[in-house]
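Chains as they are written, first to last, in numbering that gives the first Met the number 0: chain A, 0 to 346; chain B, 0 to 346; chain C, 0 to 346; chain D, 0 to 346.
Derived by calculation from the structure, the hints in this document are not laboratory data.
Quick caveat: nothing in here was measured; it's all calculated off a predicted structure.
A portion of the hints provided could be inaccurate.
Copies of one chain are not kept apart here, so a pair can be met inside one copy or by any two copies together.
Below, in silico cross-link-like pairs of lysine-lysine (BS3-like), each with a Cα-Cα straight-line distance of 30 Å or less [as the list claims (entries may be wrong)]: (1) 18 / 304; (2) 304 / 166; (3) 304 / 45; (4) 222 / 166; (5) 164 / 222.
For reference, the chains in residue letters:
There are 4 protein chains.
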Amino acid sequence: MIRFNCDYQEGAHPRILQKMLDTNLVQTIGYGEDEFCAEARAMIQKACEAPEVDVHLLVGGTQTNFTFLAAALRCYQGVISAETGHIAVHETGSVEATGHKVIALPQVNGKITAAQVDEYCHLHFSDGSHEHMVMPKVVYLSESTELGTVYTRAELQEMRAVCDKWKLYLYVDGARLGYAMASDACDVDLPFLARTADAFYIGGTKQGALFGEALVIVSDALKPDFRYVLKQNGGMLAKGRLLGIQFSELFRDGLYFELSAHAHALAMKLKAALVEMNVPFLVDSPTNQQFPILTDTVLDALSEKYSFSEQQRMDEGHRAVRFCTSWATQEAQVDALISDLRRLMGA
Amino acid sequence: MIRFNCDYQEGAHPRILQKMLDTNLVQTIGYGEDEFCAEARAMIQKACEAPEVDVHLLVGGTQTNFTFLAAALRCYQGVISAETGHIAVHETGSVEATGHKVIALPQVNGKITAAQVDEYCHLHFSDGSHEHMVMPKVVYLSESTELGTVYTRAELQEMRAVCDKWKLYLYVDGARLGYAMASDACDVDLPFLARTADAFYIGGTKQGALFGEALVIVSDALKPDFRYVLKQNGGMLAKGRLLGIQFSELFRDGLYFELSAHAHALAMKLKAALVEMNVPFLVDSPTNQQFPILTDTVLDALSEKYSFSEQQRMDEGHRAVRFCTSWATQEAQVDALISDLRRLMGA
Amino acid sequence: MIRFNCDYQEGAHPRILQKMLDTNLVQTIGYGEDEFCAEARAMIQKACEAPEVDVHLLVGGTQTNFTFLAAALRCYQGVISAETGHIAVHETGSVEATGHKVIALPQVNGKITAAQVDEYCHLHFSDGSHEHMVMPKVVYLSESTELGTVYTRAELQEMRAVCDKWKLYLYVDGARLGYAMASDACDVDLPFLARTADAFYIGGTKQGALFGEALVIVSDALKPDFRYVLKQNGGMLAKGRLLGIQFSELFRDGLYFELSAHAHALAMKLKAALVEMNVPFLVDSPTNQQFPILTDTVLDALSEKYSFSEQQRMDEGHRAVRFCTSWATQEAQVDALISDLRRLMGA
Amino acid sequence: MIRFNCDYQEGAHPRILQKMLDTNLVQTIGYGEDEFCAEARAMIQKACEAPEVDVHLLVGGTQTNFTFLAAALRCYQGVISAETGHIAVHETGSVEATGHKVIALPQVNGKITAAQVDEYCHLHFSDGSHEHMVMPKVVYLSESTELGTVYTRAELQEMRAVCDKWKLYLYVDGARLGYAMASDACDVDLPFLARTADAFYIGGTKQGALFGEALVIVSDALKPDFRYVLKQNGGMLAKGRLLGIQFSELFRDGLYFELSAHAHALAMKLKAALVEMNVPFLVDSPTNQQFPILTDTVLDALSEKYSFSEQQRMDEGHRAVRFCTSWATQEAQVDALISDLRRLMGA
């Protein structure tokens, strides 16, 4: 079985494991206050060209999202998200479990617009008395989105302006941030994000680490006491060094970007082949997740050799499915898939 | 100013106040364990033809909703509601504040259907692994809805069947239950509800009481320990007698139904007059809330003498607004409104 | 049965009921924005000699406590309380249900000291890294306490200084504030509280109202958006007028203080008689709650005619019990109790 | 610097790292449903002689505690713990953050007794009306405790009986379970725990793993839907394989017990030397944490070469401190410490 169903089915880049081996018996203090974490934080600040940001290293994406939101929101405040946002549908209500509503807005290709947020706030919060509704306080975006699409600089700047207008924080879920930044369709880089968002995280789990997400807090208002919230929500790893080691390796010599580019190139190779076969897509994704629409016959045949994830039934006979590449995907695996697709499609 | 903007702008029916006066210095024990509450509970059980139901008397509707849901849901479960449901939009996220997601479904005229709930559950919970999503456990309906519409026996029976299929509790918000039951369009009565829902509440605040909602718990699974949840959520009134007195008066000699019929008749008189004037409606409401669409000119003129609530802008020049009647509305007030409308409309 | 077991077993002072009757059909807007609430707020601001404080009228004490604390605390912060504090033991964990720890300190006679709070903070928060513990942010006191004792101005000023030192809010639960202020042992008045606490509430339920507690928010940091928290927690009464009417009557012509003095005088009469009979006390209470230690024989005989509440078994043969007077207690009731006690004690 | 301040300052046993390397590019499905996790679960079931228990693998101890308790408790229920319990003091109120009170009982040497729990329940829950208090539902113990002490089989059986009497769940925090079981003072083993507790966890983080705690759920009532709670609380690791690999290595060929015995032997060597030097102890700990009371002079001198954790100031001039050994401690490190202690003590 060759797995394309997600981008977290292998371990980690060998350099990370090697560094763990090399440092295994070095004694450090715990909870992220060790020298490996310090190095990782400094490297991320440097990559962001933002020495003043706070960087916290957490274990997983759901944890990072609800922990950040628990810290950012007062009890009567909520977070605006696309209705397809990961926090809205795939985190078992973890945000609500911390007491906060996810205010879901309709999406197009996994994205919401600044105009939508502005309209929502205008409709509900433009005159005096709104205390019967949840006050929106954070806008949550994913870069890239659940559907592989990306926000551009222009779109994020518009969203920033609307957030300033309504006193909202802008938070970007970067579980696949590297894969987004590797795309030609995405002109965003880390320094831009650090100038534009109030907080964002740089995903490690799907991007070459065993696990780990680096939360970057830009806004001074969000910095104080964050480690309390981290501990309270189970996000303060005893052997924090493991996160420090991983992120310092990922950001040493540009490995993070190199791995992202690798995954991206293979996804584009697959996409080009599908386009050539005239396969339609659920959405035109410029990143490492591809959502072709194929016949049940083809998919059933493919599933004997490949795994992919089910996205949506289109009609009797066709389904949209998801193929992901990752830092660990081998070109031969993609070539085999393309070749089998060609054979099955009679192309 | 004659107020039609809501149905809770006066005090209480005089019989209730008189009974409070008469019993004022009677000493009772607190927290709803007094003889007045016992009487009210017995009268409600009798009206429901269901001696086995538990009845709890709470102060307000929001409190009743979140307290019941906090008791009914485990931490990973949520409640399905129309996207216009009171818990979804007008309770400042009180359900989320207790840790639970409101799963909002699209509505038509304020209602959701059994088929929608079935489809949602089928789509997300028909095969093995759903633990990344909030598990639906309660279906929340309002009788009547925020838009004045009603669920019929047939609709509630279908919803019951779907709830049984997916092991969901059916809960009915009856803030305006009397007004619903007074409508020709609604064939539901209390015994039917007590046979069909797992829990529901009989609204007092909008229906003749100073305050108070009578929560009826039908399902045995929901009965144990409810008073703990009541106390924890601030819903256990020290002088519970005040609730007992009000509900025993409302259910003595059918006062509750009489007051509901009064409000209904006046709403229908207003509706008939509007129809006669060819006024369109946002929704065809058969209950005490009416949503005519009128011109800004007419509404601005009306607003000097009458209050009503803003519902929705329809276009440049027209708005849908809400007029409510209640147990306290006087026929002369409705007649004055109709007369002024006729004059302003040139009808 | 003559009831001394608590101070909330009658209805309300007749002037309150009369005013409700007189205004019953006056139409007002809801949710505390009516003219009765405005008047009550202004009267309380005046009584506090503090026109700048915010005043919110809630229904009950538990609700007031957890709503205020939910608004005042961030998710990682907690509230310091005497281990006997009402929030620590008698509110079914309502503070914890909003996500916050009650940090319970040992008490003497129901009270904690400034020195204790200082020591706790010094021990746990005097050096750099405390993020594994709940950060204390509010000190909760009751005036009078669960054991009838009072805090003096000097004690509250010391607590204020410690709160300033550690950046804590000082919050006073005044469910029995009038009864405390009526005592010779208590030199606190409303203007002093409004200068010293960050927030406090003036109890109505136990002090002449049907229900209602007036929360006074002094600190500017605690004022914004409080009505959202009020609504979210079920504390925004639809017919807020009922609270406005009650508090404006209580503060008109000093009724609140008059009723408090009445209860106090009767408690002192009972206490003096008990002292004369050489009855020991669990605690020397200078307020409306008295805690004599009596023999089981005497208590069993008394219980045929009087109700009182059980406080604590002292030894085989003796129990401490609680007798409360209130605004509604009649002198004849106290005289009867004293006379029966004398007879049973053979005094 | 030689570190004795805690038992989680190195990486993992080399066999674990080697297995991670060997399997690094094996593709697996995520979220703990892979074959490595299946193997680990089976090995733990076998070690517990309990094929029917559920085993879930989580990342950290705080996370395991609050996730389990969130699943086990209804909203009005709480957990009984020693006042020194980890959940009571060192987890930043994470249990309260999920809405539940930690009911703290006084401890002796870090332990609470069955008699204490029985008395607490008897005092507060033996007659009819307790709904003003949090209902206790879980008893939380640590094996070994924060002070290094252990519960014996006899003590746990007594606690089990009291739990049965009051319908409480018995939950054992086993962050240092191996170290406890390695002690002569502790006659508990895994099969005994699986027969006696309703749930417990087998600590990995402090016992040879990079991270990871294996939660064993014995009681059928606690099994359903646990993975929802796991996901909601951020405890479902995307690459769950990492947990599976670690626990299967730890339980292969008895490595877990071997590492525990190693740490224990070194702790006993240190303890024996301290006893020989007539050093008093804060508590007589039979496990890997030792709490000697030493002079400031000695400790200041030691601190230049060794790290230890501060436990408690005893008087002017003496402090109790904590030295931990672990699976990674080398005998030479302990020998050096003993030798330096002897020199500094003039022994």
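Evaluation of the provided hints:
no., hint, result
1, 18 / 304, "between (34 Å within a copy, 26 Å between copies)"
2, 304 / 166, "neither (51 Å within a copy, 37 Å between copies)"
3, 304 / 45, "neither (43 Å within a copy, 34 Å between copies)"
4, 222 / 166, "both (17 Å within a copy, 18 Å between copies)"
5, 164 / 222, "both (22 Å within a copy, 22 Å between copies)"
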